[in-house]
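Q: Given chain A, put chain B in place with the hints provided.
Quick mapping for you: the protein sequence lines, in order, are chains A and B. For the first sequence, this note's numbering begins at 7 and goes up steadily by one. For the second sequence, this note's numbering begins at 3 and goes up steadily by one.
One or more hints might be untrue.
[Unchecked claim] Examples of chain A residues lying across from chain B (beta carbon under 7 Å, computed):
1) F140
2) L148
3) A152
4) T168
5) V175
6) L347
7) L351
8) C352
[To be verified] One side of the interface only, derived from the structure: several residues of chain A facing chain B at Cβ under 7 Å:
9) P141
10) V142
11) L145
12) A149
13) W163
14) I182
These are computed hints drawn from the structure, not numbers from a lab. Just so we're clear, the structure is a prediction, and the values are computed from it rather than from any experiment. Positions of the beta carbon are idealized from the N, C-alpha and C atoms, including for glycine.
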Amino acid sequence: MIGTWLAVTPNPPQADFSQDNGWIVAGKAVLILICALVSVIIAIWFERKVISRLQQRIGPNVRGPMGLFQLIYDAMKLLLKEDINVSRADKLIYIVAPGISVAASLMVFAVIPVGGQATIPFTDISTPLQLTDFPVAVLYILAVTAVGVYGIVLGGWSSRATYSLLGSVRSTAQIISYELAMGMSLVTVFIMSGSMSTSAIVGAQSKLWYGVMLAPSLFLYIVSMVGETNRLPFDLPEAEGELVGGYMTEYSSMKFAWFFLAEYINMLNVSAVCTTLFLGGWRAPWPLSAIGDGVLNTGYWTVLWFLAKTWLLMFLFVWIRGTVVRFRYDQFMRLGWKGLLPVALCWIVLLTGVRAADQFGLYPLNDWAVPILSWCVVFYMVIWYWPTKEPPSVDEPTTEPTEFDPLADGYPVPPLPGQKLPPSPRQTLAAAVAEVKEEQ
Amino acid sequence: MSVLAAAADSGLVMSTAEQWLFWTVGPIVVLSASALLFAKRAVVTACSVMLTMVGLAVLYVGLGAPFLGVVQVVVYTGAIMMLFVFVLMLVGVDISDSFVETIRGQRWLGTLFGLGLLAVLGGALARATFTQVIGVEAVSDGNNPGAIANLLFSDYAFTLEVTGCLLIIAAMGAVVLTHRVRLTKKLTQADMAAVKVREGMRLTPPPAPGNYARHNAADVPALDAAGKIIEDSVPDVLRMRGQVHTLRGVAQDLLPAEVAPVDAAPVDVVVDVVVDVVVEAAAAEPPPPADASAEAAPAEVAPVDVAPVEEGDTP
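Next up, chain A with everything else stripped away, as it sits in the complex (with noise of 0.2 Å):
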């Protein structure tokens, strides 16, 4: 039999707009640009906060309580400094980059679902809490995001600088290497989903999350999405040690702002991509959506854990920034083609292949059989790339010991594992007065 949650057919947006207005679909708007403005600068001291938890330090704690207000300084400050135009860049991509970046950063919540239908307050009107929806809503957010990388590179390019350029030419290569990785582990919810609108993947994790369900998907989004986001340990495109700040070395004041504004919302998107793919979307978590028949799932409850699930995400990447070092790019490289690829293709392909057999009546599958495979995966790679410890390699001289030549090469080095040492002068001299001993 083919199980109940697998039995899909291709989903139109479940989410219904029939009673939105001008008025309201504006309203929204509004709503998700201050909304992602505010949470910016939440997520700035949020993570100033947690980071200083983490390396043991107290964090801003001087201006307002628990340092709140540190956000306010910090953002004055960035925005009254001397706003320096360099005079070799090419003017209008150098100025426009940032805008590029921070318009397609803004664009992304236009798709994402923050709760389930409510009703306005003083109103009859009910309305999805979610500015609008369609068939491809997840791929537009690919989409968005593909033209919001063209600031960071262009940004880079324009300014006519070393540091500049090389910064975006990474930012390109990571880009073109882990939008791969995420795409195909996005594949894998539209195959189970049989859906790419938003709100008809939040609709279909009624039953399991796919983040339970395509447990492997999960794990390639979230590297991925770390490296797309340009944060440590993949923020190669502005590594400070290697290029002083990479694309946007010669971005100062507003302009500077901007960037670092874009970079804040893309954390946010990619969280909350994240969210509505893998975790869920807005249905509150197991034993929660239980209490009273499912009272948590209705109305504005569904905004509080749509949120508690991207702060823990933001939280994650907070995490992962106070504990792993930056990746050398080969590195980097190495592991988005050589690691997260190759895995997103074969689980692809196994999950097309339970799903085919599934959908053309060979192998009816139980509806535990996809989550068991997933998890089956999981172990399997984990015992793959789990290091292992190399047995400490012992240095058996291979050939015959070698005179010790104490200024080999012109340096003076210590002797090699397998070279002689020659007799010391006090052993010379021990041995002859023994011999001359033994004599007399």
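A: Here is chain B on its own, set in the frame of chain A:
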């Protein structure tokens, strides 16, 4: 019944909003597409292609084909143009085109294929204009990607397979053509260190560039204890481009305006002059002595192109 009247009957004329969209986006697309021909810089060309793609995507979405529009941006703008930009940046951006024909009869072949393409496009345009249209909504039934998937995997399955083969062959070809057998052992970090020791090269990193608080920049060479320039302290790239700041330029900045140009003086003299000026300025300051060093520094701030560095929370 004329085509237009039929279209009007089935509700397929453009609404006002659609017309607004078309007449706003259309000219942008055409202009940016012509920038492709006329722009001088390769990166500007790439940007205009990107703008064209996004504009076309907007039009597709407006015409009720969201899948096509979005995939256009994901694939062409996001991946293919990004690769182009990557290559342009790596190769260098302002290399002018070479007009040498590498394949014999390339121009004639090009013209021929161009005419062929024109004929195909004309045919498509004619088909769209002179036949009965039913609209995207009628065929896609509210589920645009699903309808496309049904077509691709039924009527056009073979075409899709052939296209897939073609792409894989191209990718394999690229791998085979660019593959290079490594003839020598790859040098590890330890090997390179050994080479450095053996060849008597510098073992430490080169000294950091910059001197004095005013000229803490990558293009200003550091000075050694004797006040001589350390060439190695400036990155190779800047040295090759001839963008290294000379000590004389630095000295001229530091000196008061009335002092003669230091161009002619030898390096040691320049250093002496600079040191004298700084020392005199420090000595001439009234107490308190704690502020003397700060005020001895020149008052105006030099316009140095360095982005502001965040304190501790740079992303």
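Q: A separate judgement is required for each hint: does it hold in the structure or not?
A: Do the hints match the structure? See the list:
For the restraint placing A/F140 at the interface with chain B, the shortest Cβ-Cβ distance is roughly 5 Å, inside the 7 Å limit, so the hint holds. A distance limit of 7 Å between C-beta atoms decides the matter here; for A/L148 the minimum to chain B is near 5 Å, and the interface restraint holds. Hint status for A/A152 relative to chain B: holds, with the closest Cβ pair at about 3 Å, below 7 Å. The restraint placing A/T168 at the interface with chain B holds, with a minimum CB-CB distance near 6 Å, inside the 7 Å limit.
Contact between A/V175 and chain B, as hinted, is supported at the beta carbon level, the nearest pair being about 5 Å apart and thus within 7 Å. For the restraint placing A/L347 at the interface with chain B, the shortest Cβ-Cβ distance is roughly 13 Å, beyond the 7 Å limit, so the hint is violated. With 7 Å as the threshold, the beta carbon of A/L351 stays out of range of chain B, its nearest partner Cβ sitting at about 13 Å, so the hint is violated. For A/C352, the suggested interface contact is broken, since its CB lies about 17 Å from the closest CB of chain B, more than 7 Å.
Interface hint status for A/P141: upheld, as the beta-carbon distance to the closest one in chain B is roughly 5 Å, under 7 Å. Interface restraint check for A/V142: the shortest CB-CB distance to chain B comes to about 5 Å, inside 7 Å, so the restraint holds. Annotation: interface hint on A/L145 holds; nearest CB of chain B at approximately 4 Å, less than 7 Å. Checking A/A149 against chain B: minimum C-beta separation of about 4 Å stays under 7 Å; hint holds.
With a cut of 7 Å, the hint placing A/W163 at the interface with chain B holds, because the nearest CB-to-CB distance is about 6 Å. Here the hint on A/I182 is kept, as its CB sits about 6 Å from the closest CB of chain B, short of 7 Å.
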